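Trainee: What follows is each chain in one-letter form.
Number of protein chains: 2
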Amino acid sequence: MSLIVQKFGGTSVADLKRIRSVAERVAKSFDQGNDVVVILSAMAGVTDDLIDMANQVTVLPDKRELDVLLATGEQTTAALLAMTLQSMSYPAKSILGYQAEIITNCNHGSARIVKIGADRIKELIEKRNIVVMAGFQGCDPEGNITTLGRGGSDTSAVAIAAAIKADTCEIFTDVDGIYTADPNVCEKARKLSAISYDEMLEMSGLGAKVLQIRSVEFAKKYNVPVHVRSSFSEEEGTMVVNEDSSMERLIVSGITHNKDTARITLKKVLDQPGVAAKIFSPIADAKILVDMIIQNTRAEGLTDLTFTVSKKDFSKALEIEKQVAKEIGAEKVFGDESIAKVSVTGVGMRSHSGVASKMFTTLAGENINIIMISTSEIRISCIIEEKYAELAVRVLHKAFGLDKD
Amino acid sequence: MSLIVQKFGGTSVADLKRIRSVAERVAKSFDQGNDVVVILSAMAGVTDDLIDMANQVTVLPDKRELDVLLATGEQTTAALLAMTLQSMSYPAKSILGYQAEIITNCNHGSARIVKIGADRIKELIEKRNIVVMAGFQGCDPEGNITTLGRGGSDTSAVAIAAAIKADTCEIFTDVDGIYTADPNVCEKARKLSAISYDEMLEMSGLGAKVLQIRSVEFAKKYNVPVHVRSSFSEEEGTMVVNEDSSMERLIVSGITHNKDTARITLKKVLDQPGVAAKIFSPIADAKILVDMIIQNTRAEGLTDLTFTVSKKDFSKALEIEKQVAKEIGAEKVFGDESIAKVSVTGVGMRSHSGVASKMFTTLAGENINIIMISTSEIRISCIIEEKYAELAVRVLHKAFGLDKD
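If you read the sequences in order, they're chains D and R. Heads up: the first sequence runs through residues 545 to 949, numbered per this note's numbering. Heads up: the second sequence runs through residues 545 to 949, numbered per this note's numbering.
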C-alpha cells in the first residue's frame, strides 16, 4: 500500500467520457489499497477560451482577475471527477488550491509556491477519501487566488507529493514517456525507462513539453520520484528520479530539437562596458525571453553580437534592435528566422570527453553548417539551418548509439 | 455620499457587452462619490448548463461537488466585471463567497447564511475599491463551498447590505419594479413606488418571481431598504421597505395570479386522528411541496380533503394518493389540473374589513366560481378555473381601485 499522487492533463479530462476513464483508473489504484490524491488540469482548450474571453474585455486584463477567471477551469474538472467517483460509490472529495493551502507569492499568472499546508489533504486521506485537487491554482498569503502559469498542474502535483511525502507522483499525459528523440521525427527513438532530474530539466528547457520545467526543479529539490506515463494505456512510462548507479548508463540520453527559434545579429558593435545592457534592456522591457547569446570579438575594438528569441517575438525584437543599433552606432542589424536548435543531453557527459567533437563531426558528415553553439555541463546545443533539423536529430541519434535495435 | 449594494441578475450579465453596460452603471454610481459593492449572478443559462453537465455524470450528483461546480458561474462573472472596470481605470476587486466570509450551514444546494464576516469587504471599501462579489455562494464553517439555491444572489446582496450597513440595496433585474398586477395580463397595472416587506413576502410566495423570498425575509429582519429596478433603464423602480406612514395607503397593493397549481381531492375520508399524517407523509417523502390544504367536514364522521401542488408534481402526487386512499379507505380520489390561484395582497387589510366580500362579489359578478379559499393576515387567495385567471386579475384590479388613470 502506497500514497500516490496522480496528475491528469487537459487532454485526459477533455470531456465527461474521458473524466469517467480517469475515474476508473483512479478507482483501480484505490482498490489496490493505495491512498490516492488526484491533481487535475482544466479540460483541454478551456484555459485558452477563458483567456480569449478576457482579451475580448481588454487587451491587458488585470492579472489578479484573470487568475480568478482561469481558476474556474480546474475547479470545474475537480468537481466533475469527484462527482463521477461518488456516483461509482467511491468516497471522493474535491479540494481547491486555497483549501489545500497552496500558498504562493503574489505574482499573478506565474506564481511560485512558497508553502503548502497540506493538513486538510492529510486529514481527508486519513478518512480514506480519494482527494481530487484542482491543479494550477493556489492563493497568496492574503487569500487572493493565484495561478502557477502554463503547465502549472505538473508543479501542483509534484509540490503536493513533496508536502504529503507521497511514494510516487504519476503524471498521466498524452505521450507514454520520455523518448530519446521526438518519435515523429526519428522513428528509431526509444522510450527511456528512467531519466535523471538534471537531464529532464535540460530537455524541458529545450522544448520537450512533457513536464513543466518548474515541476522538475521541485521534484529534484524534494527528491520526488515522478512517473511520466500515458493516460490511455497501462504501460509503464519513464521514471524521473535522482541520478544513481541503478540508472541505465548512457553518455547521451536524448536528442532534442526546437524550431521555435530565430536569431538577431548586431554587427560591429563598439566593444565597451554598458553596450550589452543597452542591447538587452529594451528586449527585457518588452517581456521578450532571450535564449542563447553569443559574442565574437573582432579587431579594432569592435564586436559582433548574436542572440536568439522565439519566432513569435522575432519581428518585435528586430524592430527594437534597429532602434538600439542607431543609438549605439552598430554598423548593421539583421535577423534569420529559418534556424533550429538541436541538442544532445546526458549526465554521462560529465565523465566522458569527446561528446562535443562527435556531435560536430556527425553534423559535418551531412554537410550541416553550425551557426551557433552553446553548452551546459550536461548539454550541447547547436543552431543550424531549420531545414536540416530532422536530419540532424536522426544522425545524432544513431551516432550516439540511441537507435533501437 | 452613500454606501450602496448593487445586484445584477443573469440577464444583466449574459454576455461581455452587457457586462460592459453593468460596469458603466456601476462606474456612474462610484463617480457620484458613492461606495459601491456589486453582487453578480452567473451569466443567464450557465447555471442550468452546469446542472445539465452534472446530470450527465449521474442522475443524483453529490451535492457538495455540485456546489463546487455551480460556484464557477458567479466566479466567472465577478472576475469579468472586475476586469472590465479595471480596464476603464476603476479600482475594482472581485471577491468570492468564502473570501467575503459568507458563512452558511452545510445544507448544500440551499444553504442558509448564518454569519457574515464582512471585514474583508469593509477593508476593500475603505481603500476606495469597487468590490465585485460573486453572489449565490458561501462556505460552511469547515470551508466547503455552498450555494444558496435558485435566486440566491438576491439573498447574498441583501445579507451583505445588512452586514456592511449599506444605505440601500439595489436589485437590478429585467423588470423595472413591482407592479399592482402582471402587466402582460392587466394592461392597466401600475408600478408601485413602494411596497412593504410583508406584502413583498406574500407576493413572492405567490409567484411574483422578482425577488427570492428569503432575500425579503432577510431585508425585513435587518431592515435593509431594497430598490428593485431595471438594468436597462435609469428609471426609479420600487422600494421594498418597512411599512410606515409615508407609504402610499392602499388597502390592496397588488393582484397576483399563478397558473402553476393543481388540486387533488380525497372524498369521504374517515375523520379521525392520524389520517392527515397518512395523507401527507408520503407526499413530503417524495419532496413534493404542498401549497393550500382545505378540509370540509361531512356528515357521518367522514370528511373531504383537498390540497394543491405545482403542476409538475401533479401526476406523482395523484399516484401517491391513489395508493393512500386504498390504505385509509377513502371513497374516491380525483384531481384537476385546470385551475389557477388569484390573490389580493395588502397591509391595508389589517385595518379594513370588507376586502374578502368585495373579492368574492367581484368574481361572482363575472360568473367565476370559487373552488377553494385561503387567507393570511394580509392576503386572500382563491382557486378558480384556470381559463378565468386573466379576467379575474383585471376585474379585481379595477374593483380595488388599482387601475391607472
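Some hints here could point you the wrong way.
It does not matter which identical chain is used: a pair holds within one copy or between any two.
Straight-line alpha carbon distances no greater than 20 Å define the calculated SDA-like cross-link-like pairs of lysine to any residue that follow [what the hints assert, rightly or not]:
1. Lys860 to Thr555
2. Lys671 to Asn688
3. Lys811 to Asp848
4. Lys942 to Thr905
5. Lys948 to Val877
6. Lys666 to Glu686
7. Lys822 to Cys650
These are computed hints drawn from the structure, not numbers from a lab. Computed from a predicted structure; not experimentally measured.
Trainee: Determine for every hint whether it applies to the structure shown.
Mentor: Hints, verified against the model:
1. For the identical chains of this complex, Lys860 and Thr555 are neighbours neither inside a copy (33 Å) nor across copies (42 Å), given an alpha-carbon limit of 20 Å.
2. Proximity of Lys671 to Asn688 under the C-alpha cut-off of 20 Å is restricted to the inter-copy arrangement: shortest distance 16 Å between copies versus 29 Å within a copy.
3. For the identical chains of this complex, Lys811 and Asp848 are intra-copy neighbours only, at 5 Å inside a copy versus 103 Å across copies, given an alpha-carbon limit of 20 Å.
4. Taking the shortest Cα distances, Lys942 and Thr905 sit within 20 Å of each other inside one copy (13 Å), while across copies they are farther apart (101 Å).
5. For the homomeric pair Lys948 and Val877, neither the shortest alpha-carbon distance inside one copy (44 Å) nor that between copies (80 Å) is at most 20 Å.
6. Taking CA atoms no more than 20 Å apart as the test, Lys666 paired with Glu686 passes between copies only; the shortest distance there is 15 Å, against 23 Å inside one copy.
7. In this assembly of identical chains, Lys822 and Cys650 lie within 20 Å of each other by CA distance neither inside one copy nor across copies; the values are 30 Å within and 60 Å between.
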